[in-house]
Amino acid sequence: MTPAQHTLGAIAERFGLELRGDPALRVDGVDTLANAGATRITFLANPRYRGQLAGVGAAAVVLRAADADACPRACLVASDPYVAFAKIAALFERAPAAQPGVHPSAIVAAGAQVAAGASVGPYCVIEDGAVVEDGAVLGPHCVVGRDCRVGAQSRLVARVTLVQDVRLGKRVLVHPGAVLGADGFGLAFERDHWIKVPQLGGVVVGDDCEIGANTTIDRGALGDTVLEDDVRLDNQIQIAHNVRIGAHSALAGCAAVAGSATIGRYCLVGGGAGILGHLTLADRVTVTAMSLVTHSIREPGEYSSGTPIQPNRQWRRNAARFKHLDEIARRVGAAPKEPES
Amino acid sequence: MTPAQHTLGAIAERFGLELRGDPALRVDGVDTLANAGATRITFLANPRYRGQLAGVGAAAVVLRAADADACPRACLVASDPYVAFAKIAALFERAPAAQPGVHPSAIVAAGAQVAAGASVGPYCVIEDGAVVEDGAVLGPHCVVGRDCRVGAQSRLVARVTLVQDVRLGKRVLVHPGAVLGADGFGLAFERDHWIKVPQLGGVVVGDDCEIGANTTIDRGALGDTVLEDDVRLDNQIQIAHNVRIGAHSALAGCAAVAGSATIGRYCLVGGGAGILGHLTLADRVTVTAMSLVTHSIREPGEYSSGTPIQPNRQWRRNAARFKHLDEIARRVGAAPKEPES
Amino acid sequence: MTPAQHTLGAIAERFGLELRGDPALRVDGVDTLANAGATRITFLANPRYRGQLAGVGAAAVVLRAADADACPRACLVASDPYVAFAKIAALFERAPAAQPGVHPSAIVAAGAQVAAGASVGPYCVIEDGAVVEDGAVLGPHCVVGRDCRVGAQSRLVARVTLVQDVRLGKRVLVHPGAVLGADGFGLAFERDHWIKVPQLGGVVVGDDCEIGANTTIDRGALGDTVLEDDVRLDNQIQIAHNVRIGAHSALAGCAAVAGSATIGRYCLVGGGAGILGHLTLADRVTVTAMSLVTHSIREPGEYSSGTPIQPNRQWRRNAARFKHLDEIARRVGAAPKEPES
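Sequences listed follow chains U, D and B, in order.
Using UniProt numbering, you'd call the opening residue of the first sequence number 1 and step up by one each time.
Using UniProt numbering, you'd call the opening residue of the second sequence number 1 and step up by one each time.
Using UniProt numbering, you'd call the opening residue of the third sequence number 1 and step up by one each time.
These aren't lab readings, by the way, just hints derived from the structure by calculation.
Just so you know, not all the hints are guaranteed correct.
A pair counts as met if it fits within one copy or between any two copies, since identical chains are not told apart.
[As the list claims (entries may be wrong)] In silico DSSO-like cross-links for lysine-lysine, where the CA-CA straight-line distance does not exceed 27 Å:
#	residue 1	residue 2
1	Lys170	Lys196
2	Lys87	Lys170
3	Lys170	Lys337
4	Lys337	Lys323
5	Lys337	Lys196
6	Lys87	Lys323
Just so it is clear, the structure is predicted and the values come from calculations on it, not from any experiment.
Excised from the complex, chain U in its bound form (with noise of 0.2 Å):
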């Protein structure tokens, strides 16, 4: 496949950037600012790369105007270098191969539909009443079970697993080893052992998301577990049954969310981070990355936990201190405190 070639001036003009340079020159891809040769363009938004400029071998760098005299190469200015070098980066994408059509190897229920444009790859299983509509990709793998929904444009990338009721939006993107739809950890103790909660909801997927690989987001209980719009999940993350999240927040790798929280619009929560059962996050909520969230919070913010990474030695004397904080603190005369719930 030949390679996308493109112009820096027809790269400019269609994203609306300051070109500072020559308009004729091609260019043929994207690389890292330490790497990108004569027919590539990089981008320069993380200040910590900024030594990287000088030596910068590629044919034009985007970057903000307070950097582009430091540029020895062309420049594309913009206000924020990462956004726009996502956009041009896009253009030189190798499409996924997606023919529409269903694969003689997939097994689809007669009571399921699958649009004409739609792409079910290898292996693919689709329980009755699914439905896959125009331009869905479900790679090799997948199973779309009962009453399962997989909207316009979305691409299931390979080896996914909706177990039952979910409707994903348009143009969701899930990758290979999520689970979607599995039950929610509902269980009830009876005297003596445990009694299974059924899970009868599902789980509602807005449009314009991303879930990463093996991923899990369970059904309800009773009502869905729900993603709004836009909401962007990575790799290994956990969703419990019944949690909802706002459009537009995004969770990194290792993140977890139990029963019944509700986090809200613009969330950022960082890796391996947890939220309780049942709390509910404001708005704009920041979360850093391993910290447990075990209250709710009403205020927009940065919040965290935890304690920092030191040489075990000295961890080992402090943390050994930790254990009679309260003790210490009542040495000092320090006032008594509400003990942490």
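Let chain U serve as the given structure and place chains D and B on it in line with the hints.
Frame of chain U; chains D and B shown alone:
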């Protein structure tokens, strides 16, 4: 499929509940306190939701006697409303349509045994020496590896992998993406590189266990990794080689147990909690979410580690001080402490 | 299959161990110190289990010279008993029955190359441009995506997904559910919504690596995500885009490394530990379980964060005080500290 219908009187009698209301009233499902309509049963167990009782629209509410007077609809009085509700909800579950028999696309080795009453779904692969007992149900894309056993009435929902020497008891429920019987992480370091320690044991899972989506349970290095009866594992849990988990224990999402740890009976492990290797937890130990257990626990009770969530600005000041906590403690004349191991 | 049999004398000679006992004694397997019967070899490496030595029933025990006198059975004396045992145990491993050839149900694209000596299991899907080298073994349900390479003698146990542009070295072992080459989590925020940053790089895995069940390794955004030779990853590990992990490093279950972090050689990362993005860890850094690394580490050594596990009641009092630790420190006249970043 017409929904099941039951009268309140029949339900009260079946589960031994006191009914306050019309025994002839027919119901056709269950729902939340907030959403249940006039033909649905709901429940009130968590006091957090008591405020919703006045406006309830359900046919009947399962609740404690103390809440009955405040309920404007029929009441089903239970000492444990959540247990009673779990049983009632099961009446309305849509049964998975599992016909006995082996799907023509499934590959069953000559040396495997599949009971006539078992159901094996599309694209399953069952290897030599494997046994699938009567009433077991395998959804699509399951692999039952060499010398594995799926006990009677057990269910592998979809895309479950039993690698080798995995024996499941009766009525075990395994959700999609779970991997049982992969090699434990056994490494020996020789001079300048790793040597793999062969993993030769299996996995034994007792009756009535539930194993969540994308959970992993490794085979033992020599002996087996063991889950006793009625162990309940949520999603994305990691159980390392030669762990033993006592009957009726439950672990929430993303918990992890390192090699050769032994967890007692009736333990509760919170989401994201970790238990280091070779430790022992007594019966009835509770570990709160995201705590790390670094030594054996001999007494029942609740255990925690970590620090509270705070606005990041305050947290940063406190966290910086944690690095010098030993010095602070010495300043106030606290007795020296054994460093944490 | 008749189990392999070896004499103690042959084993001692093969691995250069001193034998104290009858060289003609035949053994047919390995087992734990507690369980090994009279035809089995066992080992003593962890002093924790020394008390079991007196009652050992094994044919022979692999142990250090210092423990030999206390052993009532034959001894195989080794400077590192665990390494020696690992090699001995490998003699008794039941080999996976992998016949060369492509299972008739596997779908191999016309533009893919599968070596004659490779084994491709049922329902595998191998896409255009993929290469499977000689002696490689693919269990059931593996996907080898476009332009991926599975090096000679590598093994994908079952249901492994290589999405695109993933190149595995020789003798790489990948456990079920692992996903390599999914898109990294690249997002740019434009005004009020997310834009996906195209992920165009690949994944490069060196020789002799092991990758655990349900582990995820994302493709690079531009350059590649790299594991050097002999890197060992346990289950459910998350490796983000453009991470680089140095040779001979090992990460325990549920560890996570954020984007563009660089980990040195011979590093050890404990279970559930996290490493933030764009950081660098020197060679021979050890991070203990569930610690979070928030800044680069330039010196070898062991590093930790977190607080010790305690009974919840005591923990709550101490945790409440942590929220005011800066104030406590100021009361005792400790010098002001730079807030933790």
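So, going through the hints one by one against the coordinates:
no. : hint               : result
1   : Lys170 with Lys196 : between (34 Å within a copy, 15 Å between copies)
2   : Lys87 with Lys170  : within (20 Å within a copy, 37 Å between copies)
3   : Lys170 with Lys337 : neither (50 Å within a copy, 50 Å between copies)
4   : Lys337 with Lys323 : both (16 Å within a copy, 10 Å between copies)
5   : Lys337 with Lys196 : neither (39 Å within a copy, 46 Å between copies)
6   : Lys87 with Lys323  : neither (51 Å within a copy, 43 Å between copies)
Checked against the numbered hints above, the structure breaks hints 3, 5, 6 and satisfies the rest.
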